[in-house]
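Numbering-wise, the UniProt record's numbering puts 55 at position 55 of the sequence shown, and it's gapless, one number per residue.
Just so you know, the hints here were simulated from the structure itself, not pulled from any lab data. Some hints here could point you the wrong way.
Just the calculated beta-carbon pair ranges, DEER-fashion [stated by the list, open to error]:
1. Leu28 to Leu61: 31 to 41 Å
2. Leu53 to Leu20: 34 to 44 Å
3. Val24 to Val79: 16 to 26 Å
4. Phe81 to Val36: 22 to 32 Å
5. Val24 to Leu53: 21 to 31 Å
6. Gly33 to Arg91: 40 to 50 Å
7. Ser66 to Leu28: 35 to 45 Å
8. Val79 to Ala31: 17 to 27 Å
9. Arg63 to Gly33: 41 to 51 Å
10. Val85 to Leu32: 30 to 40 Å
11. Arg91 to Arg39: 27 to 37 Å
12. Leu32 to Arg88: 30 to 40 Å
13. Val84 to Met26: 15 to 25 Å
On a predicted model such as this, the values are computed, not experimentally measured, just so you know. Virtual Cβ for every residue (Gly too), placed ideally from N, Cα, C.
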Amino acid sequence: MNERRALRIASIVEGASLLLLLLVAMPLKYALGYPVAVRIAGSVHGVLFLAMLSAAFRAALERALSGRAVLRVLALSVVPFGFVVADRILRVGDRA
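Model the full assembly from the supplied sequences, consistent with the hints where possible.
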């Protein structure tokens, strides 16, 4: 698997975990008083975020993407649904 594909997969999985955290775990904590949901989802999201960071740096080091494209993908990783735009960047190619 090449670095661009690895980053694309990591970005999608990390983005889905962010949505799970925001749309499921946070309401469970604040609406239903179930704080363990945020601890579990937050921990999983944190590990997946670190894996995505690792994939991004690997892609940059192997020159699979330009530094600018990597920064765009990283910036989009903190925005809900940003992984959709990041996926397009990674699928279409590096136009940066």
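Checked hints:
At roughly 39 Å, the beta carbons of Leu28 and Leu61 sit within the given window of 31 to 41 Å. Distance hint for Leu53 and Leu20: a CB-CB separation of about 19 Å, inconsistent with the stated range 34 to 44 Å. Hint check: Val24 to Val79, Cβ distance near 18 Å, so the stated range 16 to 26 Å holds. Against the hinted window of 22 to 32 Å, the Cβ-Cβ separation of Phe81 and Val36 comes to about 26 Å, which satisfies the hint.
Checking the proposed 21 to 31 Å range against Val24 and Leu53 shows it holds: the Cβ atoms sit about 23 Å from each other. A beta carbon spacing of about 41 Å between Gly33 and Arg91 agrees with the range 40 to 50 Å that was offered as a hint. Between Ser66 and Leu28 the beta carbon distance is about 40 Å. The supplied range of 35 to 45 Å therefore holds. Taken as a hint, the range 17 to 27 Å holds for the pair Val79 and Ala31, whose Cβ atoms sit roughly 24 Å apart.
Between Arg63 and Gly33 the C-beta distance comes to about 49 Å, which sits within the given range of 41 to 51 Å. Restraint check, Val85 to Leu32: a C-beta distance of roughly 32 Å satisfies the suggested window 30 to 40 Å. Between Arg91 and Arg39 the beta carbons are some 34 Å apart, a value that agrees with the proposed interval 27 to 37 Å. In this structure the hint that Leu32 and Arg88 lie 30 to 40 Å apart at CB holds, the actual value being about 35 Å.
Range check, Val84 to Met26: Cβ separation about 20 Å, and the 15 to 25 Å hint holds.
Going down the numbered hints, you'll see the structure goes against just number 2.
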